[in-house]
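Visitor: So the sequences go chain by chain: A and B.
Residue numbering for the first sequence follows this note's numbering, beginning at 1 and increasing consecutively.
Residue numbering for the second sequence follows this note's numbering, beginning at 1 and increasing consecutively.
Be aware that a few hints might be false.
Said to hold, decoys possible - Quick list of in silico lysine to aspartate or glutamate cross-link-like pairs, DMTMM-like style, CA-CA up to 25 Å:
1. 118/B / 210/B
2. 48/A / 176/B
3. 48/A / 170/B
4. 108/A / 23/B
5. 118/B / 23/B
The hints are simulated quantities; they were obtained by calculation from the structure and are not laboratory data.
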Amino acid sequence: MTSVKNTNRRERTIWTILTVLVLVYALFPVASIFATSFKLPSDLSTGKFLPTTWSPANYEQILVGNAQELFLSALRNSVGIALIATFIAVVLATLCAYAIARLDFPGKKLVLTTALAVSIFPVISIVTPLFNLWRRIGLYDTWPGLIIPYLSLTLPISIWTLAAFFRQIPWELEQAAQVDGATTWQAFRKAVVPLAAPGVFTTAIIAFFIAWNDFVYGISLTSTQAARPVPAALAFFTGASQFEAPTGAISAAAIIVTIPVVLLVVLFQRQIVSGLTQGAVKG
Amino acid sequence: MTVTTRQKQAPEAVRPGGRQYSDRTRAERRLGWLLAGPAFVVMLAVTAYPILQAVYDSLFQYRLTAPQDREFIGLRNYAVVLTDEVFWRDLGVTLLITVVTVAVELVLGFALALVMHKALTSVRGLLRTAILVPYGIITVVSAFAWFYAFDINSGYVNHWFNWVPGISPDLNWFADTWTALFVIMASEIWKTTPFISLLLLAGLAQVPDELTEAAEVDGATWWERMRRVVLPNMKAAIMVAVLFRALDAFRIFDNIFIMTKGAYGTETLSLLAYRTSIGRLEIGLGSAISVVLFICVLLICFIAIKLFKVDLAGARGEKS
Chain A
1 MTSVKNTNRR ERTIWTILTV LVLVYALFPV ASIFATSFKL PSDLSTGKFL
51 PTTWSPANYE QILVGNAQEL FLSALRNSVG IALIATFIAV VLATLCAYAI
101 ARLDFPGKKL VLTTALAVSI FPVISIVTPL FNLWRRIGLY DTWPGLIIPY
151 LSLTLPISIW TLAAFFRQIP WELEQAAQVD GATTWQAFRK AVVPLAAPGV
201 FTTAIIAFFI AWNDFVYGIS LTSTQAARPV PAALAFFTGA SQFEAPTGAI
251 SAAAIIVTIP VVLLVVLFQR QIVSGLTQGA VKG
Chain B
1 MTVTTRQKQA PEAVRPGGRQ YSDRTRAERR LGWLLAGPAF VVMLAVTAYP
51 ILQAVYDSLF QYRLTAPQDR EFIGLRNYAV VLTDEVFWRD LGVTLLITVV
101 TVAVELVLGF ALALVMHKAL TSVRGLLRTA ILVPYGIITV VSAFAWFYAF
151 DINSGYVNHW FNWVPGISPD LNWFADTWTA LFVIMASEIW KTTPFISLLL
201 LAGLAQVPDE LTEAAEVDGA TWWERMRRVV LPNMKAAIMV AVLFRALDAF
251 RIFDNIFIMT KGAYGTETLS LLAYRTSIGR LEIGLGSAIS VVLFICVLLI
301 CFIAIKLFKV DLAGARGEKS
């Protein structure tokens, strides 16, 4: 009896240690930049993890202070461009994945392999021609100038993830609707859309993460606050004065753009995991 | 070219019933292309067109600072790239980063996947949520977090690990190739291991429990069960995870740009292409580098598919 209890307790201890280890692994860098974001410039070189005094000065600087315009315009660009690119990708991918999962048409495999090929494409390879073309036709440093290339990032993964989701939907419902006299389109709208909505939503989150994360397009295809998204803006951020490193302000901005990520992850952990694994490896 | 080579990999789609060209079949085919067409066209427009343009541009001497001097020079840009020491050094750095990060991520990701797979239901959600934070976080943010932690001015790592030989408060991690690459790879590994571990978790879930239980009854140790039962059964998942991560690691850019901008011998091919085209406005030469990079990616894919028989299409859900 006692030996069983002992192994149980030992197992519990091992699991607690493992859980703590995983948590430290996953959250330590975030905690690190979080701590940095509250450090005053004088506090930066102490060699300590935590600030000696927790100061909101860096957040003030980027939200209401002299770096406000720089950061808030970048934030607006990031949110707007990422949301629009996600929306377009998910709409196109939903139609496409429905056709792939449901309809029999020649070229189905061609569409899927194209999506696969596009998703492994080295981004930097298409930046040079786009840079040149965008300058000629006036898309350089504009929202559409980023939204269009972002589709190369968001569309393929959306198609794969949604096609995997759609294969699991009980399609008898659609057939039932068609038997009841609905056209293919009506059946799609009335019977399929409600069933497919969770998959579409999950796909949108994953696509948003990818668009939100972009850096190469952001620094290459923009030059001003008109369209420069946050990651690119952070890379070119120069402190309050040329004598002061922008460490604190960048850390504060980094924490602010991490908030939506953490919120989405906390709220939709289950969906994101199933979306990522279904789109990738399916049993 | 890519499309046809990989198309062979995709297994036959399941066709319900025989094929009759009734009105209904025709309508279905039309609807199929009507729905899938826009996405297909957009994908080609945002990748195939630019890469073809890059191939064309790479045949010219073409600088944006002197656009009127544009001149057709055939393959001379490629000759310049391939005879340049910098290119080969950058290719070496890129390959080194790819191999090291993917190897470490595979081991670490597998450990994480095992923990999540076996975890009690009470902490499973917590673990997955935590794991998804690095996955979702912006790479540039991760780069800054690691950079500031190691930085000689604002960091604390030097103070914490003062007792380790070689580390002192004066160590400037970003002024030497190997220490800089160490931090760059640490950030890359931290950010992307969750993705690989989720793929491996899905692979683990596919290993039938009866197999491992039977092995346990037969007296196999944990290590034997892993090596003889679990790993062989998730070979496909491992291969796909490795290939995807390798292709992703091969285009590494963000972490290096933030931490060293490619200085001190940390430049990779992506940074070289960026520096040439966007930095120096050498469109012709930059396009040639872009095309070479693209060919490298194709080569990696080809090797993986031919040599290691990675069934991408099958593993990515085409077989249902």
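Visitor: Compare the structure with each hint and give your call.
Guide: Cross-check of the supplied hints:
1. Of the pairs offered as hints, the one joining residue 118/B and residue 210/B holds, with about 15 Å between alpha carbons and a cut-off of 25 Å not exceeded.
2. A hinted pair counts as satisfied when its Cα atoms are at most 25 Å apart, and residue 48/A with residue 176/B qualifies at roughly 24 Å.
3. With a C-alpha separation of about 15 Å, the suggested pair residue 48/A and residue 170/B falls inside the 25 Å cut-off, and the hint holds.
4. Between residue 108/A and residue 23/B the CA atoms are separated by roughly 20 Å; this keeps the pair inside 25 Å, and the hint holds.
5. Restraint check for residue 118/B and residue 23/B: not satisfied, since their Cα atoms lie roughly 53 Å apart, outside the 25 Å limit.
Against the hints set out earlier in the document, a violation occurs for number 5 only.
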